[in-house]
Amino acid sequence: MRYAETGINLEIDLSRGNIEKVATDPKETELYLGGLGTNTKLLWDRVPPEVDAFSPDNLLIFGAGLLCGTPATGCNRTIVSTISPQTGLMAFSMMGGFWAPELKYAGYDKIVLRGKSPDLVYLWIHNDKVEIRDASHLRGKGAIETAEIIKRELNEPRAQVAAIGLAGENRVYYASIEQGRSSASRGGIGAVMGDKGVKAIAVRGTKDISVARPEEFLALCNEVLEYIKYREEHPIPGVMPILAGLGSPQEMKIHDEKWHTENFMWGNSRTRRKGFWTEEIEKEWTETMEKARTRLISCFNCPMKCGATISMPGLPTYMMKCFTKLTYTMAAYSDLDFGLRIAQKATEYGLDGFSAPQVMAFALELLENGILSKDDFPGMPEDNEGRFFYLLDMIVHRKGIGDTLAKGTYWAAKEIGNGAEDYAHNTIKKHEQLPLKLSMLNPIYFLMYSTGEKINITQIEGQFPQAPFPSREAREEFVKDWIQVPDEKFKQYFLDWEPRGENSIPYYPTVQMTCEIVDWQERMHYIDDALGQCAGLSSFPLKPPYHIHNYPKFISAGAGIAMDEEKLTEAAKRYRTLVRAINIRRGMRRKDEKPPENHWKHRFPELEKELLDTYYKFKGWNEEGIPTKETLESLGLDYVAREFLERGILSDDETAATDENREAVTETANQ
Amino acid sequence: MKKRTIKNIKIDVDKCNGCRACEVICSAFHAVPKYSSNNPARSRIRVIHDPLRDIYVPVYAGEYTVAECAGRDKYVIDGKEYDECAFCRAACPSREEFKEPDSGLPLKCDMCEGEEEPLCVKWCLVDALTYEEREEEVEVEEEEAPDEIEIGLETLINKHGLDKILDTVEQLAKDKG
Chain H
0 MRYAETGINL
10 EIDLSRGNIE
20 KVATDPKETE
30 LYLGGLGTNT
40 KLLWDRVPPE
50 VDAFSPDNLL
60 IFGAGLLCGT
70 PATGCNRTIV
80 STISPQTGLM
90 AFSMMGGFWA
100 PELKYAGYDK
110 IVLRGKSPDL
120 VYLWIHNDKV
130 EIRDASHLRG
140 KGAIETAEII
150 KRELNEPRAQ
160 VAAIGLAGEN
170 RVYYASIEQG
180 RSSASRGGIG
190 AVMGDKGVKA
200 IAVRGTKDIS
210 VARPEEFLAL
220 CNEVLEYIKY
230 REEHPIPGVM
240 PILAGLGSPQ
250 EMKIHDEKWH
260 TENFMWGNSR
270 TRRKGFWTEE
280 IEKEWTETME
290 KARTRLISCF
300 NCPMKCGATI
310 SMPGLPTYMM
320 KCFTKLTYTM
330 AAYSDLDFGL
340 RIAQKATEYG
350 LDGFSAPQVM
360 AFALELLENG
370 ILSKDDFPGM
380 PEDNEGRFFY
390 LLDMIVHRKG
400 IGDTLAKGTY
410 WAAKEIGNGA
420 EDYAHNTIKK
430 HEQLPLKLSM
440 LNPIYFLMYS
450 TGEKINITQI
460 EGQFPQAPFP
470 SREAREEFVK
480 DWIQVPDEKF
490 KQYFLDWEPR
500 GENSIPYYPT
510 VQMTCEIVDW
520 QERMHYIDDA
530 LGQCAGLSSF
540 PLKPPYHIHN
550 YPKFISAGAG
560 IAMDEEKLTE
570 AAKRYRTLVR
580 AINIRRGMRR
590 KDEKPPENHW
600 KHRFPELEKE
610 LLDTYYKFKG
620 WNEEGIPTKE
630 TLESLGLDYV
640 AREFLERGIL
650 SDDETAATDE
660 NREAVTETAN
670 Q
Chain Z
0 MKKRTIKNIK
10 IDVDKCNGCR
20 ACEVICSAFH
30 AVPKYSSNNP
40 ARSRIRVIHD
50 PLRDIYVPVY
60 AGEYTVAECA
70 GRDKYVIDGK
80 EYDECAFCRA
90 ACPSREEFKE
100 PDSGLPLKCD
110 MCEGEEEPLC
120 VKWCLVDALT
130 YEEREEEVEV
140 EEEEAPDEIE
150 IGLETLINKH
160 GLDKILDTVE
170 QLAKDKG
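Protein chains in written order, with numbering that gives the first Met the number 0: chain H, 0 to 670; chain Z, 0 to 176.
What the hints contain is simulated information worked out from the structure, not anything from laboratory work. Here a beta-carbon is modelled for each residue, glycine too, at the ideal position from N, C-alpha and C. Among these hints, one or two may not hold up.
Going by beta-carbon spacing under 10 Å, a handful of chain Z positions derived as facing chain H [what the hints assert, rightly or not]:
#1 Lys33
#2 Tyr34
#3 Ser35
#4 Pro50
#5 Lys121
Output of the computed footprint for chain Z on chain H, the stretches with three or more beta carbons under 8 Å from beta carbons of chain Z [as the list claims (entries may be wrong)]:
#6 195-209
#7 214-222
#8 302-308
Just chain H, with the same shape it has in the complex:
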């Protein structure tokens, strides 16, 4: 008997309309856990590097995390994996909400989509019954609207629907998949769904998910709930409100936006507005939010209330969480009222709330600087906010300049030329990032941004504080009940971390310490992404209820896989390395591993080189960032090593790629 998982994947060939239920190998779960781990294995096995995002041979995988559907609190994430049209690399975006548990209750761990449907369709999965249904009547409909129509026509109010909007249908490179209050936004996976001709996937399940050792598993869940209550009563002192508690950043709840509005850049990552947050603004924005927000809401089996229902006068209701609250506002130099209005439309269109506003601001910057002309924007309104609504429509409909902008700032700048590339200054691996331009290089973040395969500079951080605490006393207080550390040494690293002087950034934490901290934070995220656990109760906040010491127990009691910290660490390292292997096979190299050039004002090229060199070595990668043969074999990834050798990515007699090989690889990647 399979525990926690169903052991069945649903394989759908959209070109032929073929549906298969495929039993999976429990050994794979032991090696790769589930969710992101097993998604990655499928992509490695079945999507060679010659296959691009919009090829019928690209797979789009909806994977429920290993513990989704069990009573594990906050474990509800769907991990959607594919090849990104924007980066050409692996994308693994995740959504919370209710969809993944429902898929489990229907009897499946994953839906694997391949091929392309000739007509627009939606999938209806109701336990054993799986149908591909006509969606021509849903063409052009909003993502939320689509979900409502489908539930009505199926007469299944309890069905969970993941859908794309017009952006996905029109293959906008940063199109999202929306599901109720959540979305899988990063990496353009909505565009791949649209390319495959799938408007939505509706699912309803009424079957059981079993756990291996019930009493033990429930006791662990109760411990987590007790801890959540404890943390509610004991917020972390001395850090900003969004870091003091648990959950995904509580943007819907808090009104004090001084930190975001004054420390993040406005426009397309252009200006910092110190002194912006006045009493008057605070009052106005608080009123806007209070009026718009109907209720604070949660994902499946989670008490955290990170999302909210938003109703702006005259507009349909939608749901929102986190930073999209501010992205449109800050891109347009406008106010919260505008931000919440345009986000309603953008959510229906199904767009990534990080990329879309930046692309629009980028277009207007090009216009202001004479790189684009008025003729490129025929019929554009004069007013600032009107221009953003205009651009949103142009992009989503791929009209005129919108067709170019639909590819994101990196590709758009290349197409536009004429100096446009200087304005596309906020991407990592061709993907738009949070608008941050800071002063002093931070070694921890330098490494996370450079080497993070998620290609997203938010929610890759976590269990180690983002900055030193000002006093030794405060630090001592902090480490007292810091049970989450995988090793006591991290407490000392933190105790000795000073805001100024010898033990301050960029040279402290030392290079070695930085590598260990980044590795720990990354490990926790990768575990979450395989289990389907929301980072908001685990890898993202300080002192979370889930950590490396109780996770093995959850997996043992839940999935019945004998697990300890060492084995779990190795499993996470295995599929983390496999994600990298996919990207390496697609041509990613050291040259791609860098934050935006102007992310920090004060840069330290030698230190940065040392950080990257040391981290690569620490991870068992060669100086190009390629996992070595020894590393791959030690993780049981012999098949990757073999292929790297065959393709000349690694050579037989040494661990580091020669310059000659590198050139050959680059050539292959460019072909």
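Please build the complex by placing chain Z on the supplied structure of chain H, with the hints as guidance.
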């Protein structure tokens, strides 16, 4: 004297965040063996959920009714029409709710017998569900006896008319006095 415990789950729909943890733990608790499986479709509580219309109503299962009820009124909440059925606590022949999904047998909330409080309440950290328990002291003879007499008298009144009964009682009182 006898003590009777009245158990109740108080529902505050304003506090519900729609997470359905109540459904999760309910179905786990009632699995055999206990906690061995999870399936909200077997839960004895469910959250009626319509986020875009801000409808969040946890409902827990009541008595099974063998027949459909006569009343099928419509309720309009925030512009959307709901069948009365949607919010009903009973399992009945005409609806799927509160029935085992495979056997169709009705389910009823048992307040998680043996636990300190129903587990849906324990798992509802947002306090949309709270447990109320009060003990009522009942004097068995005094309370139950009048009930019986009352029922008996009422039956007699129905049969012979009030005046006749009053006359008879008067007659009997005189005889005994």
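Hints versus structure:
A cut of 10 Å between beta carbons decides the hint on lysine 33(Z): the least distance to chain H is about 6 Å, and the hint holds. For the restraint placing tyrosine 34(Z) at the interface with chain H, the shortest Cβ-Cβ distance is roughly 4 Å, inside the 10 Å limit, so the hint holds. Taking 10 Å as the C-beta contact cut-off toward chain H, the hint placing serine 35(Z) at the interface holds, the least distance being around 4 Å. Because the smallest distance between the Cβ of proline 50(Z) and any Cβ of chain H comes to about 6 Å, under 10 Å, the interface hint for this residue holds.
Restraint check, lysine 121(Z) versus chain H: the minimum CB separation of about 8 Å is within 10 Å; hint holds. Counting residues of the segment 195-209 of chain H whose C-beta sits closer than 8 Å to any C-beta of chain Z gives 6, which meets the bar of three, so the coverage hint holds. For the segment 214-222 of chain H, the assignment as covered by chain Z holds, since 3 residues bring a beta-carbon within under 8 Å of that chain's beta-carbons and 3 suffice. Coverage of a stretch by a chain is defined here by at least three residues with a beta carbon nearer than 8 Å to that chain's beta carbons; for the segment 302-308 of chain H and chain Z the count is 3, and the condition holds.
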